[in-house]
Amino acid sequence: MNGGQDLGGMHGFGPVAPEKDEPRFHAEWEKRVFGLAMAMGLSGTWNLDASRSAREALPPGEYLTSSYYAIWLKALERQVQHHGLVTPEELSTCTASAPAAPVKRVLRGEEVALLFARGFPSDRPVPDPARFSLGDRVRARRINPVGHTRLPRYVRGHIGTVEAVHGGFVFPDTNAQLAGEAPQWLYTVRFCGRDLWGDQAEPGHSVSVNAFESYLEALEPERIA
Amino acid sequence: MNGGQDLGGMHGFGPVAPEKDEPRFHAEWEKRVFGLAMAMGLSGTWNLDASRSAREALPPGEYLTSSYYAIWLKALERQVQHHGLVTPEELSTCTASAPAAPVKRVLRGEEVALLFARGFPSDRPVPDPARFSLGDRVRARRINPVGHTRLPRYVRGHIGTVEAVHGGFVFPDTNAQLAGEAPQWLYTVRFCGRDLWGDQAEPGHSVSVNAFESYLEALEPERIA
Amino acid sequence: MAHHHDHDDHPHGTHPASELSPMELRVRALESILVEKGYVDPAALDALIETYETRVGPHNGARVVARAWVDPGFRARLLADATPAMHELGVGGRGGEHMVVVANTPEEHNLVVCTLCSCYPWPVLGLPPVWYKSPPYRSRAVIAPRAVLAEFGLTLPAAQRIRVWDSTAELRYMVLPMRPAGTEELDEPALAALVTRDSMIGTGLPLTAERIA
Amino acid sequence: MAHHHDHDDHPHGTHPASELSPMELRVRALESILVEKGYVDPAALDALIETYETRVGPHNGARVVARAWVDPGFRARLLADATPAMHELGVGGRGGEHMVVVANTPEEHNLVVCTLCSCYPWPVLGLPPVWYKSPPYRSRAVIAPRAVLAEFGLTLPAAQRIRVWDSTAELRYMVLPMRPAGTEELDEPALAALVTRDSMIGTGLPLTAERIA
Chain A
4 MNGGQDLGGM
14 HGFGPVAPEK
24 DEPRFHAEWE
34 KRVFGLAMAM
44 GLSGTWNLDA
54 SRSAREALPP
64 GEYLTSSYYA
74 IWLKALERQV
84 QHHGLVTPEE
94 LSTCTASAPA
104 APVKRVLRGE
114 EVALLFARGF
124 PSDRPVPDPA
134 RFSLGDRVRA
144 RRINPVGHTR
154 LPRYVRGHIG
164 TVEAVHGGFV
174 FPDTNAQLAG
184 EAPQWLYTVR
194 FCGRDLWGDQ
204 AEPGHSVSVN
214 AFESYLEALE
224 PERIA
Chain B
4 MNGGQDLGGM
14 HGFGPVAPEK
24 DEPRFHAEWE
34 KRVFGLAMAM
44 GLSGTWNLDA
54 SRSAREALPP
64 GEYLTSSYYA
74 IWLKALERQV
84 QHHGLVTPEE
94 LSTCTASAPA
104 APVKRVLRGE
114 EVALLFARGF
124 PSDRPVPDPA
134 RFSLGDRVRA
144 RRINPVGHTR
154 LPRYVRGHIG
164 TVEAVHGGFV
174 FPDTNAQLAG
184 EAPQWLYTVR
194 FCGRDLWGDQ
204 AEPGHSVSVN
214 AFESYLEALE
224 PERIA
Chain C
1038 MAHHHDHDDH
1048 PHGTHPASEL
1058 SPMELRVRAL
1068 ESILVEKGYV
1078 DPAALDALIE
1088 TYETRVGPHN
1098 GARVVARAWV
1108 DPGFRARLLA
1118 DATPAMHELG
1128 VGGRGGEHMV
1138 VVANTPEEHN
1148 LVVCTLCSCY
1158 PWPVLGLPPV
1168 WYKSPPYRSR
1178 AVIAPRAVLA
1188 EFGLTLPAAQ
1198 RIRVWDSTAE
1208 LRYMVLPMRP
1218 AGTEELDEPA
1228 LAALVTRDSM
1238 IGTGLPLTAE
1248 RIA
Chain D
1038 MAHHHDHDDH
1048 PHGTHPASEL
1058 SPMELRVRAL
1068 ESILVEKGYV
1078 DPAALDALIE
1088 TYETRVGPHN
1098 GARVVARAWV
1108 DPGFRARLLA
1118 DATPAMHELG
1128 VGGRGGEHMV
1138 VVANTPEEHN
1148 LVVCTLCSCY
1158 PWPVLGLPPV
1168 WYKSPPYRSR
1178 AVIAPRAVLA
1188 EFGLTLPAAQ
1198 RIRVWDSTAE
1208 LRYMVLPMRP
1218 AGTEELDEPA
1228 LAALVTRDSM
1238 IGTGLPLTAE
1248 RIA
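Line by line, the protein sequences are chains A, B, C and D. To convert, note that position 83 of the first sequence is 86 in my numbering; the numbers rise steadily by one, no gaps. To convert, note that position 75 of the second sequence is 78 in my numbering; the numbers rise steadily by one, no gaps. To convert, note that position 133 of the third sequence is 1170 in my numbering; the numbers rise steadily by one, no gaps. To convert, note that position 9 of the fourth sequence is 1046 in my numbering; the numbers rise steadily by one, no gaps.
Simulated from the structure, these hints should not be mistaken for lab results. Watch out, some of these pointers could steer you wrong.
[Stated by the list, open to error] When the alpha-carbon atoms are kept at most 27 angstroms apart in a straight line, the in silico DSSO-like pairs for lysine-lysine are as follows:
#, chain 1, residue 1, chain 2, residue 2
1, A, Lys107, A, Lys77
2, D, Lys1074, A, Lys77
3, A, Lys107, D, Lys1074
4, B, Lys77, B, Lys107
5, C, Lys1074, B, Lys77
Input sequences plus hints: build the corresponding full structure.
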């Protein structure tokens, strides 16, 4: 979605402000939100793409004025309610009153070390051969889905070069809607900075994104008639 | 600038919410801000484009969470300080303490009716002939100026048709920086909705923008090699 | 910007008359400094507010539309060059220096927006409503105009195309809606009473003769 | 999101220990409901927090970099297929399932960003700093990378190109910085001590041997 999260190329946020000796968390509640989001993410009720989608679905003004873990919290509160795990009344009264809904799994403390050391790979076999090859010139499609997507606005419509073919990966656009992993070939596509941003852009840089196959189209002359 | 003001095509703001029997102003202070901004705009210290630029220069999160006249107020506060008309101390103490700076004119009450009935045309002669003609296919340039511009992001890089040639007009990009009116030919360029937004877009609509000549380029095949 | 008033201003009612909101205080401070330093004439301020609060409004545009409905010559002049045509009716001024009128037809419906700020034909329609200036409308009028119109209760035939006009320069747009059926008997003032503000932005249609009767 | 904590959370100090902030209360409520309903095992919560607060961090990435500096075979494997190469050093896991390592050269400097959220190689670098997740960095790393690097005090030669890597899928990037001059005598642990977190994101360079000595 073209939401507050799609920040590439925007102006007006001021300089980057690194914090000296920054702690891992800035408040106790940030730790708890982090842990709760990770634990609930393993309950099998939703997936990582759905969580990203829930975060970016905050109204843009709210997204841009909320701290990072505040965004996580607001999204998690929405998700547990949306999936019927927690009722609005429970959240407002701070008390569990409705019966628990079934979840596919509950992450146990003793599983954490092994599961997180192993990770959760998202590569998947794709039966069809890759449509694009190393060195191909491709155009990022002009899509504007209202749902989750991982093709940022700033590359849409632009022409780049395939510089890596990575194999099949879970497709976030469907997975975020819990509509299936529908794996696709994943590419790295490199764009020239001047092509993306115009002749007034900083010289001498390029930007590479990871793009799923359906985000790309073969180069055909644009309809000019 | 690619700021919070460039809203065309964004998602996530929710439905339009018309207000029944909406008053012209929602609070007394809104009237005063409106009047102050209009009066100061005629002081000759800045111009309309500069005021738009000051409003959109608010950090995007602040822009998107401020009400309309709150944006006007914040921009006006910045402008009077930036131009040395009011000091930060005066604003914080709510008291005029520094000597007044010269302004080119002060709008008098008795002038308002006539001046505003006549308006402030922004058409200007342009010596050179228009580069584009009715029916020409043109591409909106991929520019990303950090300063004020009136070419919205959503048309950049897209191909449209010149459907009107309007004559010369003050060029906002330079005028906003008080760098001269530098008038340019102004066109109306029409874009097909599907071209702008992709095949999943609503069918059967087009979008026309008013574009200055330097926003447009003649159609040449894109560099594909 | 927020379309509901949230952070910076307090709607009527939250502050009793005897207590000023932080925004009222902030604006009063600025006003008093600007007046005291001689940059602003209080009489000009009053005249500006009075003009735009009470004088200009969609009744001006409605007169223009009604005239175009009854006078084919005027209609032709209006569509060819709107600014002088409107001057014939005494309509014009700040924010309407360069008017463009776009006519609805059975094949094509027009919709006006300003995605970058709030450009709007002040002398023709008055100051714009909050929704016109707010992100939900500005963001979606250009990408999902049918969905936006549906939120106004307006569902167009699928075959009727939509032309969206994004006011990105100093041209200002007014939509000339189609004259409702069954209004052959009405005179010009009665016709003007059918013309709503939204019908001149493109987010509505004129009232029908039955609605007004 | 705000890079300074503004609306929703209260930094240390504004609330004495005996008084909980609204955010602490809100999070406690959610946690207690989720635990009470059996969705969350408190031991899992503790283990997760402990893992990411104390175990993973840029020291892991630094070991990888130092090994690549001293072992050409490892360097070749790392650049060809980073995930199994890192596993040789016991580095990997959640957020590092699909690693890509990009090597700086005198001709080309690499910079990693996630414009859409906060993708970052957790098991290699730990959780990302706030600036990495914040609009100023995410918006400008792709459009004005030299200006961003200047804000980190890093001015590259004009002839050195910049390659920006926007982490838009599940691949995670680590920059392999160039080994600083004058470090021929240092052993692997001493080299690792030169490798800063920012040098593995691309917003910095490794410390020089003098800086550490």
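Right, here's what the structure says about each hint:
1. A:Lys107 / A:Lys77: Holds - the C-alpha atoms of Lys77 (chain A) and Lys107 (chain A) are around 23 angstroms apart, at most 27 angstroms.
2. D:Lys1074 / A:Lys77: holds (19 angstroms)
3. A:Lys107 / D:Lys1074: holds (14 angstroms)
4. B:Lys77 / B:Lys107: holds (23 angstroms)
5. C:Lys1074 / B:Lys77: It holds: about 19 angstroms lies between the C-alpha atoms, which stays within 27 angstroms.
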